[in-house]
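J.: Given only the sequences and the hints, what does the whole structure look like? Please build it.
Here's the letter readout for the chains.
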Amino acid sequence: MHAAVVAGLASAALSQQAALPEAREGSPTALASGHDLVERHCVECHTGENAEGQFDVEALWAAAPDDERARRARLALQRVRSRTMPPPDADVQPDAAARRGLFEAFAALVPSAPGERIARARRLSRDAYVRTVRDLCGVDFDAREALPEDVRVHGFDDLGDGPGVAAADFEAWFDAATAIAERMCTADPKVSVVDPAADFDAALRAFVRRAFRRVPTTEELASRTALRERVRTTGADEAAARAAVVRSVLASPAFLLRTEAGEVEAPNRLTPHELAVRLSYLLTGTMPDAELAAAADGGALREVAALQDHARRLLAKDGGRTFGARFVAQWLRAVDVLAANADFRRYPEIWNHGLRPAFLEEIVQLGAEIARENGSVLWLVDCDHAWLDARLASHYGLPKPSGDGFVRVSLPDRRRGGVLGSGAMAMVSSFPLRTSPVLRGRYVLDQLLLANVPPPPPGAGSLPPDDVPVDGASLRAQLERHRRDAKCASCHASMDPLGFALESYDVLGRWRDEVHGQPVDRTGELPDGTTLDGPVALKDELLRREDEFVHAFASQLATFAIGRAMVPADEPELLRIADACLAGEHRFLPLLDALLASPLFSLRDPWLPLRESGGPR
Amino acid sequence: MRLPRFGRRALLRGAGAAMALPFLESVHARLPKALRAPPVRMAVVVMPNGALPWAWRPESDEQGGWKPSYALEPLAARNQEVTVFRHLCNRNSFEGDGHYAKVAPLLTGCAIRRTGGRDLWNGVSMDQLAAQHRGGETLLPSLELGCDPIYPVEDMGYSSVYGGNLAWSAPDRPVGKQIVPRLVFDRLFRSATLRTDPTRQSVLDAVADDAARLRARLPRSDQDVLAQFTDSVRALELRIAAAERRMEGAVQVDSAKAPPPGVPQDYPTHVALMFDLMALAFATDATRIATFLMANEVSGRPFPFVEGCDGGFHEYSHHENKDEKKEPYRRITRWHVAQFATLLDRLAGVREGDGTLLDASMVVFASPMSDGNAHDPHDLPVLLAGRGGGAIPQGRLVRSPRDTPLCSLWLSMLRTFGVAVDRFGDAEQGLF
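For the record, the sequence lines run as chains A and B.
Sequential numbering from 1 applies to the first sequence in my numbering.
Sequential numbering from 1 applies to the second sequence in my numbering.
Certain hints may be false.
Derived DSSO-like pairs: lysine-lysine, alpha-carbon spacing no greater than 27 Å straight-line [unchecked claim]:
no. : chain 1 : residue 1 : chain 2 : residue 2
1   : A       : Lys-487   : B       : Lys-322
2   : B       : Lys-67    : B       : Lys-326
3   : B       : Lys-326   : A       : Lys-487
In case anyone wonders, no lab produced these hints; they're calculated from the structure.
T.: Printed below as a string of structure tokens:
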């Protein structure tokens, strides 16, 4: 191993070791091992033959590390995360640190298959393709009409667990490569690779270096040189030969897929070029710019501090806008608002075609601001300002802002601000004819707290599509009846009160005090007895659970950055990242810095020694 | 006949890209009479979320035919060209919960693996088996159409990827469907332009070399996707080879008649365009195999263009025996059948040899559940139109014994299509 590499590796290895459970220094529970916490909070009910729910936690530690143990540990994780365990009426309630300790203790019992922890090759999404082609080729390409639809996995459009590559995909990419090469040849000024006057070898090397986002191999260059000569021998001119070369680059898997092979001598460690690609697509949705590429070439990016510096530079350069549009808007499902539907007879305002894009833009702007200004990640939950244009302000019943387009508007009260008071949240959690407390509660749990509510069991039934009362029974009364069914109650008990609190927003996100002449019933009781009344109370509840929200942010950011779903083995590292944010006034940069410093970001498999590749090569 | 937005004749008019000549014009006239039979085509159109049984199931008449039920009324005019099947099912789908365990194995007859992750496991679907045997004879081995993108999530323990794929080329490989009409059109009629591209093969060679080299450098976890990439490059080369075999007598395609770009906002338009493309692909013999999943399973799409159906399809399908849900549910079923009827109109409007394109085809309409309320996997809604080139007696109501494998129908269709198999899925006997 090169000596220069060692320093960087050492810090990664250290943090990796420290990330193992039961060794979190500085935490109030550092002395209490995971098992002690389980003793304190779980065994009173869950032990022996008469354990509650036939769930004997102590036996978990004694059991063989098999699938059954992993299944039961996962179940425990889910219960701790969703706060259904320890139960609200337990005598000893764990504090936030103890809950994290419990979480780590159970996470340590879930082994992950090696493949689970390694991100797979990621296709360029349409969005990434357009941005990358713009930077690489100087061509504005409209991919919506030319490339297949993206598949969103875990909420994001370019993760590695996606659909793979189908014949139709490659055909579309091949056509796109042809079209882009043609446009490059007629552009003025030309990128040098298609300029017959430019030196071919130098131009080729530079172009392939940028397109493949790494140093090209000798063979990759030689096959292009041969291609050019072959085309020339058919009598074609230099321009045609160069166009063919460009097509072969843009249709190559090395361009279309983001792959990670790791360092030659330490295959588990990402190369500086691979780190640059992760960072660049995370923050700007496109290939590394010249400065970042140079830092990768020189190896400087092996230093965490260099990654962090470039992150700041990229956010400032882009104003955080791409980050808001790609990460925040996808995570919070604001992108779905474009396809969300409302009944146009009941809600004629939906004919205003600018409304849905404006709902999306509101969230993009807020996300951009948080990244650009190092704002609080909690602004997504509760914020004293919002980004609105005249249309949205009037839609929300707020004074018209001065200035054109979207501007930062101070809010008079807490009914707006953050995603909960946004039209995007309201629409993606509604049916065409009514709001849905169930979908809204689920939105809060799934998006903001990552609680992963299971889908309803078969035959669970459903509520009417319209909220006009039928036979005098309000929607709420029908939902209460549904909840009396035991198999439904456990999920709805935690979901519905959160959703009822959001009933003050109609299908299009406007404030309402009445539904069909009746006052809006926005009260609900959480499983722990807390009563929620309206969205402001819900915001307070979420702020009280800030550690969960920050953890959700960290988990989703890591998923988006790395390209795979987080697994239980990642939890200790995610908790560390979340802690950095909590200790840093909930600001964005401490969280991002902690992610960039984490083995999650710099290793292919964060839980293997650096030299191992995690699979035969 | 209801006119498609771009008719076959319109396409053959005007100046545009060259297109390989359809089967009949190029070959038919020069063949001995005995060999002049048009090729058999087959298509499967699938409606999600099941159908209300008492709205779907037709009565029999004295001649062994069927009398239109509420849902089948749009096919009344063609009841001599349509056979309705009763009591077909996929026995391997009885156990799995929810919609996905029903739709993914509809054309495979297998039980799918219960997983929300990426370790999908199903069987090879009948259309892909046919494509693997006979697909090399056409420009495209097969066509997979749909209207909805897939958002992979886990639902009742199954990946929603299962809910959006009928066609499976291998147990772990859904083929993926196309939802943008324009892209389908471009793909169908692209072969000719590829053929006239002198540098294409050299470019593809360089790309294939990249894929092979990259594959050697990458870890096991990325081998699958690189293998798919290589297969896709190869598939394009095969398509071009097929186009080159049919160089002679190219006709003109007016590219101005192509459907508009993007996904149509209006669902009826989207469905109509897909049926246009299906008919066009068959008429020009660009492919002989097509599947069309009209919406992904659990589709909650509203049907505001059908009176009284403003709510979501999936919600209506769980009708809980309430009239206010059953009524829109059956109307939505009938709407789907009515759209299917327009496909038959399109096919019947194309003359081929002594009959029509519909006579040469086998066109199935089916849903992976009967009563959506209970996710009932028995006695599925299934009907077959077209005579498969004359082999199939039509206009019948076929009552099989209870829980007869649906694969019996697929087996018969495969044989009629010219695939020599003696069993398929859980079926060893055919239905015709």
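J.: Now tell me, hint by hint, if it's right for this structure.
T.: Hint by hint, here is what the structure shows:
1. A:Lys-487 - B:Lys-322: holds (22 Å)
2. B:Lys-67 - B:Lys-326: Given that 27 Å is the threshold and the Cα spacing comes to 21 Å, the pair holds.
3. B:Lys-326 - A:Lys-487: With a Cα-Cα distance of about 25 Å, the restraint between Lys-326 of chain B and Lys-487 of chain A holds, given a limit of 27 Å.
Hint check: no violations occur; every hint is consistent with the structure.
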